[in-house]
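Engineer: Respectively, the protein sequence lines represent chains A and B. Start counting the first sequence at 1; every next residue gets the next number (this note's numbering). Start counting the second sequence at 1; every next residue gets the next number (this note's numbering).
Bear in mind the hints are in silico, worked out from the structure with no lab data behind them. This one's a predicted model, so the numbers in the text were calculated from it and none came from an experiment. A couple of the hints might just be wrong.
[Unchecked claim] Partner residues are not named here, just some residues of chain B that face chain A (Cβ under 10 Å, in silico):
1) S163
2) L175
3) L185
4) V217
5) V396
6) M416
7) L421
8) R451
[To be verified] The calculated lysine-lysine pairs, modelled on DSSO-like cross-linking and capped at a C-alpha distance of 27 Å, are:
9) B:K162 / A:K59
10) B:K162 / B:K350
11) B:K236 / B:K350
12) B:K350 / B:K100
13) A:K59 / B:K428
14) B:K236 / B:K100
We put the beta carbon where it would ideally sit given N, CA and C, even for glycine.
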Amino acid sequence: MNRRNDLIIAAVILLVCILLLGVTRNITPAGAANYPRILLITMMVLAAALGAAAYRDTKRTGSPPEPSSRSPRPYLLFAFCAAYVALVGLVGYFIASSVFLFGVMAYLGRRKYGQMLLIVAGLNLAVWYIFMIRLNVLVPMGILFE
Amino acid sequence: MNEYLLAALQRALLPQSLVAMTFGVTAGIIIGALPGLTATMGVALLIPITFGMDPVAGLLMLTAVYGGAIYGGSISAILIHTPGTPASAATALDGYEMTKQGKAGLAIGISVIASSIGGIISVLALLLLAPPLSRLSLRFGPPEYFLLAVFGLTIIGSITAKSLIKGLIGAVFGLLLATVGIDVLTGAFRYTFGITALESGVSLVPAMIGFFSLSQVLMLTEETKESIVSLPDLGKERILPTLEELRSLLGTILYCSVLGTFVGILPGAGGDIASWVGYNEAKRISKHPEKFGTGYIYGVAAAESANNAVTGGAMVPLLTLGIPGSATAAVLLGGLLIQGLVPGRDLFTKYADVTYAVIVGMFITNILMLIIGLVSARYAMYIAGIPINILIPLIVALCVIGSYAINNSMFDVWIMLVFGLIGFLMRKQGFHPAPVVLALILGPMAEMGLRQSLVISKGAILPYFLGRPISLILVVLIIASIVSTIILERRHPERILVEE
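Extracted from the complex, chain B is given alone in its bound form (with noise of 0.2 Å):
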């Protein structure tokens, strides 16, 4: 590994490697910031620039963009008690009361500083312990990767949608997408319906581009108001913490981004549960825990180092066994997945280039998310600011361009905008578009892997499936995902749902 790290370092220190990752940080602090608009959609959005770009310039473009989204969250939160992502709403609890006691520009210079620090401890982790688990999926035959496909699945939809029902739903609805087109392994053609166009499949990045982000436009019109909030000025506050309420804060920022980076791993857990697990560890461990809540800084240094934790967290899995665990994680599968990278051993060895340069270049993306966050700190009023009325054309133009921009097609474009309207119908009636998504992405995947494991155990699959150790413990977690979703759902009617 040691080999590749100096290599990889000299790679993602490349200028278009830097410019990439200040513009995506940028655009991803801004996109954070902004109420209604996800990270997810971010990374959505930006997929096509960074389809003719050089592949590690391009995924670090789209990590900078998650990490930035997530820190970027915590501005609205705290300005205007209005978290831009979910996974800020714990950080408005005191963030916001910070800023009701004029500090402001402290509780975003502890955010992002918190932030920072949660990004690179769980970029350290993903660096730790990815090579080794990618080891893993060296074992894996066809049923494991069919098996794989199915416990993703199982997993995102469980935990995005309103029911698990609705998830699943959603699940076969994006496997079914993936059918249209023609067989690989026989040439016929499948839901093609003449249309030569859709031969060679549903368009991948069109349809991530409508259902995450001209859905989520959709939505935004239903609410957009002129915004009345009156912003702080930040022009004379202090935005540093003292040294000394930094070394205090070490510890709980150390704590909470072990737990956030923790929650990452977690298929299905994302920025927002990991907030709250940090907010309520960091208050549980506190000697003054009835100071959380009235605008304590260890509050906002918990919540958010968490949260931004999730980035490397969420990366262990989706690079090591291509298991998405959000929404976000989805998208970026879909990113590698254009850059003709595949999760698994080979990107650890056969492109260790491009993985290790990605993976330092999340290092260094954390960084200039401090520099960066720190230095527009004073001015963030003016991002949180920005009327909803100006960035919705925008984005819906930007989502023209950017499905068109795939393949220079028209029909690309016309599979976004309908993709768009069956997203924002869909997000209406208690469904979530990142399991179709998801499904798109696997479907291939998971049809190779039951057609191929048919052929070998001549039809007796469920005997072929229970006899393989893997394979075993892999029905066993699809099993256990469903019946604990379940039993959450009974118990608990009104459920967490995960969108970064």
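Bound conformation, chain A alone (with noise of 0.2 Å):
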């Protein structure tokens, strides 16, 4: 594990810890922001304890930072799913979906055009029937057509 990483890690959560152990200020009545508060205090420990281990090693090994794969893909796949979540609450589940299949396949590299027509219309298909017909789950069909 890259060393360096696991100490930015450690910093962080000691951030985020101590901005929520302020928020538990605002809980009323105090008595329900106490268990929160040992979760929190528990998490500072860890944190410096995973911190101090990642130091000791980066002092004891000379902290060569490990290669780490840093291929783009997944956050550019994670930004296509946020766009076709947003997608879906405007123009609804099925044509979204279908945008969003058809755009991912060829962006990974995927060609065979009626296969992929194929795959949208069954992934379609399967949803509708049993989402929309054996379960009653109210599909949305987004803002422009509802």
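Hints are included, so try docking the two chains, each in its own frame, into the full complex.
Structural biologist: Structure follows, in structure tokens:
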């Protein structure tokens, strides 16, 4: 594991815990804040232990940062997912899913367009039947179509 | 118990249950056969479908996915030397050698037979052991429930993350997430930040889907390439072993099934550990240990019977005490709670009709897995060959509709998305989502137990804990699990991580 990353994680956790400890002052009645406070203090102790272990290892090994994969693909996919969810609210699940599936398959290197269309149709059909017909889920149709 | 079994059999044989089991086994085999997709992910993804179903059919679908995926993992282990799930790593040793010798069909045939027998033995153990063990839960009060939650978290925290500290950080993070919403004892709003949707707390199913399914998909994206592996054609290969082969394998299968069941009962030990234990034991007692690793059918049978035997074994502590021993079991616990079923004695008394139907159904599931596995064996290469660039967007689309369907809420979809990213970042840094999810599930029980204990003990909680025999045992177990993990970490810095 990259020890430098562990040090950063420990610092971030400590910072967030301090912020959340501050938030507990607004919890009323005060008794309801005790349990989260215990957890936050425990978390801070663990973060300090993580940081200390990472610092000790860094000192011992001279801290060559271990190479880790830095492919942008997961982050790009996540951005696509966020856009997809936003689109679901706008144009509904079926249209948004069709665009998302087609787009991501193409992005990941798929070029068999006929097959891609079949997959898109298959997913929409399955979701329509399982969720709308069988489970009575109100699948979002989007604010443009409702 | 006997009066329940006949009714349970009838309920498990209802058309809806049979359809659920068939679908679950098939989906599980496909998920397991695809490298990168895990049983945990499959179960998390299918929970929303079970929400509106009859509890028996829903839970049977989830357990069928679990068992099917553990077997399915052997398909890619045998065909392309890549275990579909970590539980099939040991199977790859002899399975892939058999493929190179032109015996891939036979390896898959033996794998499905051994898996089914392993599953059946473990279900029998579950049926015999769970009801008496559940009586223990009647002696549990607030301190025991608190300590049980802590014990479950230390166990899963110590086995799933890269280090004990990271596992415990994950567990405390989950406990903190569980405090979000209205405090049930005082009615106070905690960490809702004025968002109405958070007043009822963090939705469990969307969080599980995000942590286990979306984060896994994001991990896959990092590695995805067009498959260039050539898959063997099984069209004319022999699938079934001869009667003589089967007879000679039976002793190994039964022995490894018992071992696998025992490993499954141990909190924290999953299918991957069981398969190695089974494989090594079979090799140790074999007259021809030198043949293991050279395409020996006993190697496949030992690993596969042991890893599928975990499925029933893991249900023993889960159903009786609510301790999930692995990530998949933690998700199954979520599936139980969604149906309003709380582990403990009530499952074997008040809800005995549901519980016994699920156990009997698990028995039937293993028979179905045998049939479906043998029938589909010739087409196994098509399953293992499904391109990842088709699967990734499909899984994301299912994550979205699955997290929406629980409450018909787009807020839940955003929750899933956020936890998917957090889960991905955690995995990248050596954390694991399993302790977080388990803590999210056990959090309310832990908080209630601690606060009630504080009230009863008038603040003197330590003497109160140590003065109760079961509490004392749990305190000792918690300390033992932490100390043993620290010792293990010092001796073996590269640890075996449990992910099924």
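Engineer: Against the earlier hints, flag every one the structure doesn't satisfy and list their numbers going up.
Structural biologist: 10, 11 and 12
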